[in-house]
Each structure stands twice: as C-alpha cells, then as structure tokens.
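Asker: With chain A's structure known, arrange chain B on it following the hints.
So the protein sequences, as listed, match chains A and B. Under the working numbering, the first sequence is numbered contiguously, ending at residue 412. Under the working numbering, the second sequence is numbered contiguously, ending at residue 1176.
Keep in mind that the hints are not guaranteed to be accurate.
Just a few of them, taken from the derived set where beta-carbon distance is under 8 Å, the chain B residues facing chain A [said to hold, decoys possible]:
id, residue
1, ASN1051
2, PHE1091
3, PHE1094
4, SER1095
Everything labelled a hint here was simulated from the structure, so no lab data went into it. For clarity, every value in this text was computed on a predicted model and none was experimentally measured. Here a beta-carbon is modelled for each residue, glycine too, at the ideal position from N, C-alpha and C.
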Amino acid sequence: MSSNPNSVSESRLELSKWRNLPVILMVIGAIGAGLGLAFGGVKQFGYSWLLAFMFSLSLCLGGWFLVTVHHLFDASWSVPTRRLCEHLACLLAPAMLILFLPIALTAKIIYPWMTLAHPEHELTSKYPLFTMAGFYVTAAVLFAIWWLYSNRLRYWSLRQDETGSVECVRRMRFFSASGVVLFALTLTMAAILFMKGLMSDWYSTMYGVTYFAASIWVTLPTVYVITLILQRTTVLRDLVRENTYYMIGSLFLAFTVFWAYVNFSQYFIIWNANMPEETFWYVLREKGTWDAVGKYVIIFGHFFIPFLMLLRIDFKLKLVTMLPLVAWAWFMHFVDLEFQIMPALHKNTILTPGLLVDAACVLFFVGVLMKVFIISLSRHPLYPLKDPRMSEALGIYVPPHDDLSDAPEGAK
Amino acid sequence: MPTSFAIMAEFDTPAAILRAAEKVRQNGYRQWDVFTPFPVHGMDSAMGIKNSKVGWFSFIGGCTGYATGMIMIWFMNAYDYRIVIGGKPMFSPFSAFPPSYELTILFGSFGALLGMLFLNRLPRLHHPLLKNRRFALATHDRFFVVIESSDPKYSENETRRLLESIGSKHIELVEE
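Isolated chain A (complex conformation):
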C-alpha cells in the first residue's frame, strides 16, 4: 500500500568499485595484526584476536539464531532474509573454526588459569571445564554442534529450492526446535569458556545471556544493511517489503532493551550482594578510563542513543537514521567487547596501542568472513525460492487451488 522509503531512490547501487573491499580489509587487518604481534607481543595479539573472534562469533551465532526463530515462529516477514542468515550461520564452520586456531595455539598465554602452578578452590570447583582437556574438548564439541546445525539448516533450505517438498520444512523445523536449546547451551559455554575464562574465579549466571543479547543486538542491524544492499543490487529488489525492515528494526529495539536489562541485572545483583569474589570484576572496570567507558560510553552509546532513536516507527525505516545507527551498533559492540575482555590485560586504560591491534584484527575477520559470505551468496539462490510463506511475505493473496474462480474480491 505505502511505498518503501528504503527504495525511494530508484538508482541501483553500483558496487563494482567495492569489489576488492574484503581483500583490502584482509590486507590492512593482516598488516595491523602482524605489526601487533611483532611489537606488542604474543599476549596482546592473542587478546586482540580473541576480541575479533568474539565479535565475529556474535554475528555468526546471531545468523543461526535468526534462522532458528524464523522456523520456530513460522514467520513470513523474515522469508526474504532467511537465506542470508543461513549463510551468516554457515560462517561458523569451517571459516570461524580455522580462525579459532590462533586462539587454540595461544590459549596458554591468554588464559591465566591454564598455567597456574597451584590451582585454588575457585578453579578446582569448576573442573573438568577449566582444565586443558576440558577447554579443547569443549571447544571441539561447540564447533561440531555449530557445524552440524548451521550446515543442516542450509542444506534442507537449498533442497527446498529444488523440490519444494514439505519434508524440507519438517527437517528445518526439527533442526530449529532441537537447535534452539543447543544454541543457548553452546553460546553460553562459548561466552564462559572464551571470554569469562579470562578471569576464571569470577561468578555470574547472567554472563551467557549478556553475550546472547549483545550478539543478536549487533546481528539485527547487520542483517538490515545486508538486506538493503542486496535489495538495491539484486533480485531481492522486488521481494523485500517495508514490513521486513520494520520488523528487524523492532527486534533491534527489543534487543536494545533486553541487553540493557540483563547487563543492569548482572551489575545490580553483584552490587547488592557486595561479595568480594564477585565485585572484583566490576571494581577492575571502574579503574582509570574503563570507568568512563562503562558508565558513559556504554550506557549512553549502547543503550540510550539506539533506544531513543528506535522508539520512533519512521526512524526504523529511514536510511538517514538507520545507516548511522548500524555503523554505531558495530562500534558499540566493539567497545562492549573491549570492556568485557581487555581490562584483564590493560588494567587502567582502554587507550593503549593495543586498541589498534584489536581494530586491525576485527578488520581482518570482517574481510575474511565477507569474502566467504559473498562466495556463498553467489553460489546459491539469494532467497528461499519455494518457501511456503513467500507469497505471504510479498503481501500477495494466493487462493487455494480449488477455488481460484471465486476468490474474494477484497483479498489481494
């Protein structure tokens, strides 16, 4: 009924100049990371690489989550974005698995608990998780589950493109219903093992949820902008309606609030209980410049700015508000991960030369994953061709076969 404000400009995007962007990002990132390794030492490099890994893992797990909830809710608005979320999820393995190898190799340098001569009760009570074998076996299991589920969901989706059989829908629902549980467990385990493990004596039952909220929070604007680019350049042009952008924007708002909610809850419970074995994690983050990062940059930047902007319906649909917000979300997720990871290395300030190494590693990861993502996109149809809810997503009424003749007048 109303025209799509995102496609008001009829000009198609010309992306040929940007063809080399992934390679450029990879080269810049690799040079930066290499310099970081040479001058900053293995420890700085390991932390930076870990940060970039967690940043990318957010997007990949977010893609898996969006595919899963699409099937669980049997939604129609997400049909046009389903395929790209499937590709996003499939970056988990093998791409992210290969990118995990430097962490596996530098784990002894990154994680203090691995080299403790006399582990105390705080650590031994967490055995067998925080042992060398526990770390590598768990990581292997995580990647195995991610590989299986992301791969199966895309496999049956591609089968559906060919056959359109109901069998495919049933299989995808099976992998979604069982997958959503495994999603929660594996994401929590990854957050605890890779990120919280930097300070292994700390306790927080909210930690997995905070990483979940942050992951989906950053994935939604990413999907928004990828959809936008694909719509301006490919056949998705006629398939994506305003409603899809509105729904992604609404979920983005919901996860902005959810992220703030879980992060505040974690802080509030620890503040209220006031026990040294929990508060030290935050005390460390109230020293030096970390204090300003946590109190001002993250509270206002990660919550208030997106929250107040996304409250408005029209802001969710305007390029002039959404594109800066998408870039801002990426930046804020980066700052959030800095706040989660880096105080373990740089006790007093976020402003170290290491910040450049972090940024370089993120650019490298983004370049690599973008390259793999584009190859996946070009190999397969850009949207689920035979999704049963395609016509609904397009807002077209298709009458059942037996009463084509007397379709209701108003239904269109």
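Answerer: Chain B only, in chain A's frame:
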C-alpha cells in the same frame, strides 16, 4: 425537524470500503470516519491517518514515573528518615532503579490509557450513530463511511452524490 449529524454510506466489501475511503480523502473531507466489522489492512493509509499521538503521552508518563521513583526513594532514604543499611550509601541510583523502572512502566501505561481517552474525547455516554438501526450492521457484515455535517466541505447533495458515485448501495442521513 431534527438536524442531521452526518451522512452515512453503506458498502459490502473491504475492497469497496478501501476505495471509498481513498475517494473521500481525495475530496478533502476532514470530519469523517470508517466503521468495519474487522480491521481492514491498509485503511490507515487509505484514510490518510497519521501515526497516533498516544506514544507521546506514554513517553511523558514514563519519564514522570522514573523521576517520581528516584525522587521518592531519595526523599525517604536519604533526606526524610536516614537509616544506614548494610553500610551502603544513603542513596544510590542502582538500588533505586528497580522501583523507578516499575513506576516508569506504571505511569507509562497510565499515560497511554489516559492519552487515548483524551484524544478520543472519551468517555462519552452517547453518540448519534448508536441510535441508528442500520449502523448496528457495522458489527456484523457491513462497512460504513460516515461524513459528519460539521465538515467544512459537507453539503447534503454534493456529499450524497459523491458517495453514490463511489458505489454505495444505501445512503442515509443520521439524526442528531
């Protein structure tokens, strides 16, 4: 002779009422409304209705609620009756946050409800349409366009002709 409140036109299908709404809007009427047995998708844009202003009422209500919570707790714990509990500060925005947050939601919903009533000029005890027998079909299977006589463009003959040209099968005047 009773004065007329409005002119009412009846339609049979959602498509017809959508077309009618578009035509009435294009002809520049302002004091008019559409009544359907169920929500018709696209009616908002067909009628040219802008986004509701209720959100602003809930926003202001929410801000008031948050401020009320914070000020109340500060007043009670740190000003009016100071008691040290567990060595904690007299007032901290963290411990005051959960009740303030609840009050944000409470006052926000008050704002939404009262704002909705205010914008709709409710509650009111009677409306001229309610005594029209035919109008009761709006809750069954008919679709109505009602153009009020207070509309600056309203003219009994002109408006009737417009509604006929759109294709209404039944047009009648609603008494005040």
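Asker: Sort out which numbered hints this structure fails and list those numbers smallest first.
Answerer: 2
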